[in-house]
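Novice: Residue numbers (our numbering), protein chains in the order written: chain A, 1 to 362; chain B, 1 to 91; chain C, 1 to 344.
By construction, these hints were calculated from the structure, which means they are not laboratory data. Every value quoted in this text rests on a predicted model; they were computed, and no experiment measured them. Fair warning: there could be bad hints in the mix.
Claimed, not checked - Taking lysine-lysine and the DSS-like style, the derived pairs with C-alpha atoms no more than 27 Å apart in a straight line are:
{"no.": "1", "chain 1": "A", "residue 1": "LYS178", "chain 2": "A", "residue 2": "LYS289"}
{"no.": "2", "chain 1": "C", "residue 1": "LYS96", "chain 2": "C", "residue 2": "LYS137"}
{"no.": "3", "chain 1": "A", "residue 1": "LYS2", "chain 2": "B", "residue 2": "LYS25"}
{"no.": "4", "chain 1": "A", "residue 1": "LYS327", "chain 2": "A", "residue 2": "LYS178"}
{"no.": "5", "chain 1": "A", "residue 1": "LYS332", "chain 2": "C", "residue 2": "LYS22"}
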Amino acid sequence: MKYVDEFRDPALIGHAADEIRRLAAIDRQFRIMEVCGGHTHAIYRFGLHELLPSNVELIHGPGCPVCVLPMGRMDAGLSLALEHGAIFTSFGDVMRVPGRNGTPLQHMARGVDVRMVYSPLDALEIARRHPSRHVVFFAIGFETTAPSTALTIVRARALGVPNFSVLSNHVTILPAIKAVLDSPDMRLDGFIGPGHVSTVIGSRPYQFIARHYRKPVVVTGFEPLDLLQGIAMLLRQLREGRAEVENQYARVVSDNGNQPALRALDQVFELRTFFEWRGLGFISQSALKIRAEYAQWDAERRFDVPAIDVADPVAAQCGEVLKGVLKPSQCKLFARECTPERPVGALMVSSEGACAAYYSHL
Amino acid sequence: MCLAIPGQIVSLGPEPHLAVVEISKVRRQVNVDLLQGEALAAGDWVLIHVGFAMTRISDREAVEQLRLLAMLGEDEQAMRELEGYSFDEIR
Amino acid sequence: MLRTTVTFSDPQIEMAHGAGGKATRRLVDTLLAPLLLGIEDRPLGDAAFLDLGRQQIAMTADTFVVRPLTFAGGSIGTLAVHGTVNDLAVSAAVPKALLVTFVLEAGLPGRVLEAEVRAMAEAARNAGVLIVGGDTKVVEHGKADGMYVTTAGVGVADPRAQLSSAAVRAGDRILLSGHIGDHGITVLLARGQLTLDAELRSDTRSVWPLVDRLLDAAGAGVRWMRDPTRGGVATALKELALDTGLGVALEEERIPVRDEVRGVCEILGLDPLHIANEGQFMAVLAPEYAEPALAALRAMPGGEAAAIIGEVRQSPAGGVMASSSYGTSRVVDMLVGDPLPRIC
Numbered sequence: 001m002k003y004v005d006e007f008r009d010p011a012l013i014g015h016a017a018d019e020i021r022r023l024a025a026i027d028r029q030f031r032i033m034e035v036c037g038g039h040t041h042a043i044y045r046f047g048l049h050e051l052l053p054s055n056v057e058l059i060h061g062p063g064c065p066v067c068v069l070p071m072g073r074m075d076a077g078l079s080l081a082l083e084h085g086a087i088f089t090s091f092g093d094v095m096r097v098p099g100r101n102g103t104p105l106q107h108m109a110r111g112v113d114v115r116m117v118y119s120p121l122d123a124l125e126i127a128r129r130h131p132s133r134h135v136v137f138f139a140i141g142f143e144t145t146a147p148s149t150a151l152t153i154v155r156a157r158a159l160g161v162p163n164f165s166v167l168s169n170h171v172t173i174l175p176a177i178k179a180v181l182d183s184p185d186m187r188l189d190g191f192i193g194p195g196h197v198s199t200v201i202g203s204r205p206y207q208f209i210a211r212h213y214r215k216p217v218v219v220t221g222f223e224p225l226d227l228l229q230g231i232a233m234l235l236r237q238l239r240e241g242r243a244e245v246e247n248q249y250a251r252v253v254s255d256n257g258n259q260p261a262l263r264a265l266d267q268v269f270e271l272r273t274f275f276e277w278r279g280l281g282f283i284s285q286s287a288l289k290i291r292a293e294y295a296q297w298d299a300e301r302r303f304d305v306p307a308i309d310v311a312d313p314v315a316a317q318c319g320e321v322l323k324g325v326l327k328p329s330q331c332k333l334f335a336r337e338c339t340p341e342r343p344v345g346a347l348m349v350s351s352e353g354a355c356a357a358y359y360s361h362l
Numbered sequence: 001m002c003l004a005i006p007g008q009i010v011s012l013g014p015e016p017h018l019a020v021v022e023i024s025k026v027r028r029q030v031n032v033d034l035l036q037g038e039a040l041a042a043g044d045w046v047l048i049h050v051g052f053a054m055t056r057i058s059d060r061e062a063v064e065q066l067r068l069l070a071m072l073g074e075d076e077q078a079m080r081e082l083e084g085y086s087f088d089e090i091r
Numbered sequence: 001m002l003r004t005t006v007t008f009s010d011p012q013i014e015m016a017h018g019a020g021g022k023a024t025r026r027l028v029d030t031l032l033a034p035l036l037l038g039i040e041d042r043p044l045g046d047a048a049f050l051d052l053g054r055q056q057i058a059m060t061a062d063t064f065v066v067r068p069l070t071f072a073g074g075s076i077g078t079l080a081v082h083g084t085v086n087d088l089a090v091s092a093a094v095p096k097a098l099l100v101t102f103v104l105e106a107g108l109p110g111r112v113l114e115a116e117v118r119a120m121a122e123a124a125r126n127a128g129v130l131i132v133g134g135d136t137k138v139v140e141h142g143k144a145d146g147m148y149v150t151t152a153g154v155g156v157a158d159p160r161a162q163l164s165s166a167a168v169r170a171g172d173r174i175l176l177s178g179h180i181g182d183h184g185i186t187v188l189l190a191r192g193q194l195t196l197d198a199e200l201r202s203d204t205r206s207v208w209p210l211v212d213r214l215l216d217a218a219g220a221g222v223r224w225m226r227d228p229t230r231g232g233v234a235t236a237l238k239e240l241a242l243d244t245g246l247g248v249a250l251e252e253e254r255i256p257v258r259d260e261v262r263g264v265c266e267i268l269g270l271d272p273l274h275i276a277n278e279g280q281f282m283a284v285l286a287p288e289y290a291e292p293a294l295a296a297l298r299a300m301p302g303g304e305a306a307a308i309i310g311e312v313r314q315s316p317a318g319g320v321m322a323s324s325s326y327g328t329s330r331v332v333d334m335l336v337g338d339p340l341p342r343i344c
C-alpha cells in the first residue's frame, strides 16, 4: 500500500529507533504526551514503545472522542430511538459505549433499530431509503470528523431530506490540550500533535503551547516511521532547549489547514458555551452545536433531547488518566472492576482508550 | 477520529462532488467537497476518512521525509566510522 | 453423574455470544458444557469421539446463520456442508456422513431453498460425504433470517494422527493452510452497508483433501488442528494457548493475507487475525515435520499459500504474541464481541 508500506520499512525503523536512543542518551527523563487516541492505538499496534529507551516515556492524552463522551449523551442519543422510534446510526466505535441501560449493541439485541455506518453520508442514505422513518446520526469526533458531518448536513438540506437529523457530540482538540497543560499535576515535556485533526486546522493553532507554555509540539503521522520521527524531533528540540511547533506530517498537514473544511465547520456549527467532557468536567467553548439555520437537521432542536447527567463512579479515575496524571494501572478499578468486557469508564471501552490499550498489553 | 487511509483516485464523478478511489484493490466512492478548488485527476492520491477525501497527499513531501529518514541511517554509518565503533558511552 | 455448577451470569444473550470470541467461550464454558457435558476445565475440541468397540466414531454439530444467504464464493448451504466436514477433518476424522436440519422462514421463496439444497448436494458430492437424513421446520415470517441450517456430522477416527492439545510442546511449529480473512470480509461487504467494492470470494471449501495429504506426509508429527472460523486465527490460537498453558509466537510477515482483505481491514480498522475463515485450517507440528508438511501442502491444489506462521513457546503462558519485521511485538487477544469497524 503506497504511502503506508514505505513508512513501515524495517531498516528505516531501525535507524530511527537508533537515532532516538542516541538523542535520549543523557541523564534525564523525557515525558511526552501523544494527544490523539489514534496515536495511542498505533503505538501499541506497532509495538513502538518497545523501541524506546526507558527514559523516554509516552503518556496517553485525552484525544479520544469516545473516551470523553459523557454517558448521559449516550443515553440521550438512544432515547431518540427508544421514545421516538428513530433509527439510531453511528460509527463502530460507539456501538459498545455503555449508556445507563446498556450499549447500542445491547439495545439492538433488544430490538431497537441501531445501525452501524462507516460514513455520515451512509446514515443520510438510510434516511433517503426509508422516508417514513426518522434517522438520527449520533456524531462523535474532533475536527477531523466534524467537517464530514457538516457537509452531510449541507447535503441533507440541498436534497431536502426531512427525516434526518444529527445529534452532535463533536468536540475541539485545543481545549482538551489546554486542560492538560493547566492541570496542576502536569509534568509533561512535549506533545506529539494530532496528525489528522491538523489536516483540518493546520499546524498554526498549536503555537500557544510553544509560546505560552514553552512546550514543543510536533504534528505527527500514524505510521511507525512517522511516530518515531516525531519523537526524535521532540527529543532534539528538548535537548536544544527549543519550544516550537514542527510538522512531521507535511505530506498531508499544512500550516493553515484545509479551507473548505474550516468553511464547512463555520457554516454549519458554532461553539457551545460549555460542554461536559467525561473525566475533564465542564470546558467552555469546546464543543460544536448545529447553527439555528440548520435546525431541521439538529436532533437537539427537533426532539426534546433530555439532558441526562450520569456521574462516573467515584472510584473511577478516568479524568486523571485522561490528563496523563495517572497511568491506567494506577487507577484503583483497573483490571479489577473495570475491564474491556465490563468497562466502568470510557477509557476501557474504546480500543484507543489509554486503559484498553494498556490492558491489552498486559 | 484518526483513522484515515491513503487512496488513489480511479475516476472522478458521476457528480462533481464524487470520485472513486482505490485502496489496496478495494474501491469506494468518496465525497471530494473538502478538496473543492483543487484540480483533481485520476491518479492523484488523497487521504480518506469516513467517506470523505480530506487532503491531497504530497508526493514531494513524502519523498523528502523518507530521504531524511534514510539519511539517519547514513549519518549513523558516518558516525560509526568517525568514532571508531566506540559507541557504548553514548548508547 | 453430571456436575451442574453454572457460573454464567450474563443478563441477556447478545450478538457477542455468537461471535466466536470471549463471550462465546463464557457461554460454552460456564453454562453449556457444565450442564450438558458435565465437563469443566477440560479442553473442548471440534468433534467428540465415541468408542463403539471396533471403531472410534467422531461426531460434530454445527449451526449456520448468515446474512445474506448467498455471497461471492458460497452460500449458507455450502457453508453448512464444508463447515461440518472441516470440523471432522481437523479432528483427524475421515468425514463420512451428515444429517441436515432446516429452520425455514415462512415466505422464503421456493427457488431460493431449491438453490441452497442443490448447492449442498453438490458440495457433499464433491466432498465425498453422504447426506443421510434430516428434518425441517417452518417458523413465522420475521424469524430465521430466511433460513437457518444445522448439521450433525459423523466421521471415523483416522489412525494416522493422535491429536491432543496436551501433546503440544514448546518449539512446535504452527502451519496455516492459506489466506485469511476472505470469508468474513466477503460476507461483511455482501451486506452492502459499507459500500466497499472488492473482488473477493468466500474461501468456503472442504479442507479434507489438504488434511488428508498432511496426515500422509506428517501424520505422526501433527499434535493439534483447528479450523479458524468465527473469531479467526487469533481466537483459535488463544484457545490453544489457554488450553496448554503455553505461549504462541506469530510472525506477522508470514501470515498470508490478500491485498483486498488487507485494504478493507486498514480502511475499517479491523485485524485480519480476528476475521472468520471457512476454508482454512491450522496444524501444530513437531518441529522436524514442519518442512515436509509445508512442502506437501504447497504441492496440492488449493494449498499453494500454506505457510508456517509461528511457533509454540514456553511463554507468555496462555498468551499469543505477534512480532513485526522490525523487532517489536504486540499482544493478540480473542475478540470480545464481533469485530467492529472504527473511525478513530
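Novice: None of the hints should be skipped; say for each whether it holds.
Specialist: Hints, one by one, checked against the model:
Taking the CA atoms of LYS178(A) and LYS289(A), the gap is about 21 Å. The hint holds against a cut of 27 Å. As the CA atoms of LYS96(C) and LYS137(C) are separated by approximately 25 Å, the hinted pair is consistent with the 27 Å bound. A distance of roughly 12 Å separates the Cα atoms of LYS2(A) and LYS25(B); the hinted pair therefore holds under the 27 Å criterion. Distance restraint check for LYS327(A) and LYS178(A): the Cα-Cα separation of roughly 19 Å lies within the 27 Å cut-off, and the hinted pair is therefore satisfied.
With a C-alpha separation of about 24 Å, the suggested pairing of LYS332(A) with LYS22(C) holds against the 27 Å cut-off.
Violation of the numbered hints given earlier is absent; every hint is satisfied by the structure.
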